[in-house]
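Participant: Residues per chain, in single letters:
Protein chains: 2
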Amino acid sequence: MTEPRIIGLKSRGQAVPRPAPTGLDGEGTLHDAVRDLITAYHDLNPTTIDELHEEPSPLEFMRYVARNRPFVVRKGASSWPSHKKWNAAYLSSIMGSTPVNVAITPHGNADAILHLSPTRALFVKPFETTLPFSAAQSRIQAQELDPAWSNATCYLQTQNDNLRGEYATLFQDVPASISWARIALKNDADAINFWLGNSASTTALHKDNYENVYVQVLGQKHFVLLPPVEAPCVNERAVLAATYAYGGSPESDSHVKEDMVVSIDGAGEGEDQSYVPFATWDPDRPEEHATPFSRYSQPLRVTLEEGDMLYLPALWYHQVSQSCNVEGLCCAVNYWYDLDFSGGFWAGSSFVRDVALLEERRRKEVHDDTESGAKQVQESTWF
Amino acid sequence: MTEPRIIGLKSRGQAVPRPAPTGLDGEGTLHDAVRDLITAYHDLNPTTIDELHEEPSPLEFMRYVARNRPFVVRKGASSWPSHKKWNAAYLSSIMGSTPVNVAITPHGNADAILHLSPTRALFVKPFETTLPFSAAQSRIQAQELDPAWSNATCYLQTQNDNLRGEYATLFQDVPASISWARIALKNDADAINFWLGNSASTTALHKDNYENVYVQVLGQKHFVLLPPVEAPCVNERAVLAATYAYGGSPESDSHVKEDMVVSIDGAGEGEDQSYVPFATWDPDRPEEHATPFSRYSQPLRVTLEEGDMLYLPALWYHQVSQSCNVEGLCCAVNYWYDLDFSGGFWAGSSFVRDVALLEERRRKEVHDDTESGAKQVQESTWF
Chain A
4 MTEPRIIGLK
14 SRGQAVPRPA
24 PTGLDGEGTL
34 HDAVRDLITA
44 YHDLNPTTID
54 ELHEEPSPLE
64 FMRYVARNRP
74 FVVRKGASSW
84 PSHKKWNAAY
94 LSSIMGSTPV
104 NVAITPHGNA
114 DAILHLSPTR
124 ALFVKPFETT
134 LPFSAAQSRI
144 QAQELDPAWS
154 NATCYLQTQN
164 DNLRGEYATL
174 FQDVPASISW
184 ARIALKNDAD
194 AINFWLGNSA
204 STTALHKDNY
214 ENVYVQVLGQ
224 KHFVLLPPVE
234 APCVNERAVL
244 AATYAYGGSP
254 ESDSHVKEDM
264 VVSIDGAGEG
274 EDQSYVPFAT
284 WDPDRPEEHA
294 TPFSRYSQPL
304 RVTLEEGDML
314 YLPALWYHQV
324 SQSCNVEGLC
334 CAVNYWYDLD
344 FSGGFWAGSS
354 FVRDVALLEE
364 RRRKEVHDDT
374 ESGAKQVQES
384 TWF
Chain B
4 MTEPRIIGLK
14 SRGQAVPRPA
24 PTGLDGEGTL
34 HDAVRDLITA
44 YHDLNPTTID
54 ELHEEPSPLE
64 FMRYVARNRP
74 FVVRKGASSW
84 PSHKKWNAAY
94 LSSIMGSTPV
104 NVAITPHGNA
114 DAILHLSPTR
124 ALFVKPFETT
134 LPFSAAQSRI
144 QAQELDPAWS
154 NATCYLQTQN
164 DNLRGEYATL
174 FQDVPASISW
184 ARIALKNDAD
194 AINFWLGNSA
204 STTALHKDNY
214 ENVYVQVLGQ
224 KHFVLLPPVE
234 APCVNERAVL
244 AATYAYGGSP
254 ESDSHVKEDM
264 VVSIDGAGEG
274 EDQSYVPFAT
284 WDPDRPEEHA
294 TPFSRYSQPL
304 RVTLEEGDML
314 YLPALWYHQV
324 SQSCNVEGLC
334 CAVNYWYDLD
344 FSGGFWAGSS
354 FVRDVALLEE
364 RRRKEVHDDT
374 ESGAKQVQES
384 TWF
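Sequence order for the protein chains is A and B.
The opening residue of the first sequence carries number 4 in the working numbering; numbering runs sequentially from there.
The opening residue of the second sequence carries number 4 in the working numbering; numbering runs sequentially from there.
In short, the hints are calculated from the structure, not lab data.
A portion of the hints provided could be inaccurate.
Which copy is meant is left open, because identical chains are indistinguishable; a pair holds if it fits in one copy or across any two.
[Said to hold, decoys possible] Here are the simulated DSS-like cross-link-like pairs (lysine-lysine), alpha carbons at most 30 Å apart as the crow flies: (1) K367 x K260; (2) K13 x K367; (3) K78 x K189.
Being a predicted model, the structure only gives us computed values, none of them experimental.
Chain A on its own, in the form it takes in the complex (with noise of 0.2 Å):
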């Protein structure tokens, strides 16, 4: 291929090719392109929640599942037994004192960020106990109702499949499977789980590696939602990991709040600590503990009433609080079913996250160089 003949070039450097324009907003830094990946969803995408008033087909909830975006059926499950059976008597009546694993909290706060000050924090855990299910139902009722509880919180949410385990004997009340869950991922649920607490009981700001379909049976839960894009948003630090132990009589079974004590996970002799990485910012709180991204997040909300079903999709952020109904109880069931790791969704994902901990390391050290203020100045602004 001989050269060809060129009309119009003025200069041979004219045919140089330039760096390809991002069309990012200002002076198009790495701080511009993740700012800019949050507004572009945002601008492309409702910030409300779509609100179905039955069932998606298999073809429906995959185009869902595609765009991973989240939808509540209203009263989706108010057909099944566990709508129209489940009370504090009933569900009394089929557990009975049959053991069941407790997580005791003073405040309700399981698997959550304490913060000790401006600039330190631990990941704290629940204790962790067994007790039969009619005490544990009758402690999380008291609470609720009685004023003159004052005792630990109590929340039965171990997420291990229980309501196929310890809560098997309720497992009959619910559907085997989410049929069109089922049928458009190909796959069974990898574990469902019985949630049963009150309003004392949250669940800090998490993701999970599964999609989601939670309903609601008794009571309401407040779901906050954040979409996996807002990753730099929810500013995820390595904290100090810490469990809640009881440091009462132990003859006691009321747990008391006062005797809660919070102890370092691996103090021991020749133990290690660990570092727990987690969201620190919270929604609900937006000025504190921000990034330099957290204004641009957008959440949803949505409250599930009884009856209603929330497809939570794979890798969203959810913050969840919770009411009671007139017996003082909240109780859900949900669904996990498999992520599909393959695409480009997970590993994309996990870029955006690892790119917003490179700008904040980034931004850390910017501040490291121009600051020659102490170092405990330099930690609470950077946290």
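Following the hints, complete the assembly by docking chain B onto the known chain A.
Facilitator: Relative to the frame of chain A, chain B by itself:
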């Protein structure tokens, strides 16, 4: 809430959160993040294309859309009238002397990078003219079958829904839509295109904002496919735009190859040159014009035989070459369906591209800082 008693804390500083670990290999640079994105994608996905032997259901198709992964349906279009009826005589009898748009280039290189030197390049569009269909088809065949042929290359490749426009009389021989795609995507085809060329024509590496169903009718097409996460591999650059022009006698209708010139766009008085963002790396010549990420590319390769269908997912880079049937023709039809810009796919793919361009810019700046050689040398290494 009073501060709880804490056991086992060895120092106050121990409770200051650390940066969360990225899990990146190497030192944890932006380069590492981009590399790990590409290698993680390939670890989680096959490096061969799925082969189906019957058309998918809408749900099966939607699973592929959700993963943004291609597949080929062998003989999926073998019952179409086009597969049974189309040949040179039939096409000529239906289209006759209807005027059609013809893309003319010296070497079959329409909408492609023309490398002038290791550091200089143009993005050259074809000379477009109108010919009677039967004349254009004859030229396409003659170039393939007549050893004495030395004229320019003709390609019927207008991608403007031409099968419902210029070639509407042939549209009766193909389905009005691909039912599984139409149902799954809840949309009719946005454009349906007819392609007729010979083995001289190639399509340079590029991507489209469409979900694409590509159907081979005559001859073969050879696709090289790169997923959107490989944007950092393709060395996208802003390349000076030009168009082939015909410098020969206006009376000639044979377009002698040597009479074609490259005319820089906007070279006239008061006009502006333009630079087109385009991939400058060729996966079939991987050593040339590579980025530091090109080595991690794992192109999928698939040849479509007559009657085969390809699902080419949105934003996949594709480079295409072709082989002719015994009549010297390569003919295909494709259906473009709108890409769903919602969810995180579009925003995330743009983010990968942006970060890759920023990383290349950073690399060039480091290079400029450390090299004191002549500018020409730098550009050579950079580009």
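Participant: Does each hint hold? Answer for all of them.
Facilitator: These are the hints, each one checked on the structure:
1. Proximity of K367 and K260 under a CA criterion of 30 Å is satisfied in neither setting, with 39 Å inside one chain copy and 60 Å between copies.
2. Proximity of K13 to K367 under the C-alpha cut-off of 30 Å is restricted to the inter-copy arrangement: shortest distance 25 Å between copies versus 46 Å within a copy.
3. Taking CA atoms no more than 30 Å apart as the test, K78 paired with K189 passes in both settings, with 25 Å inside one copy and 26 Å between copies.
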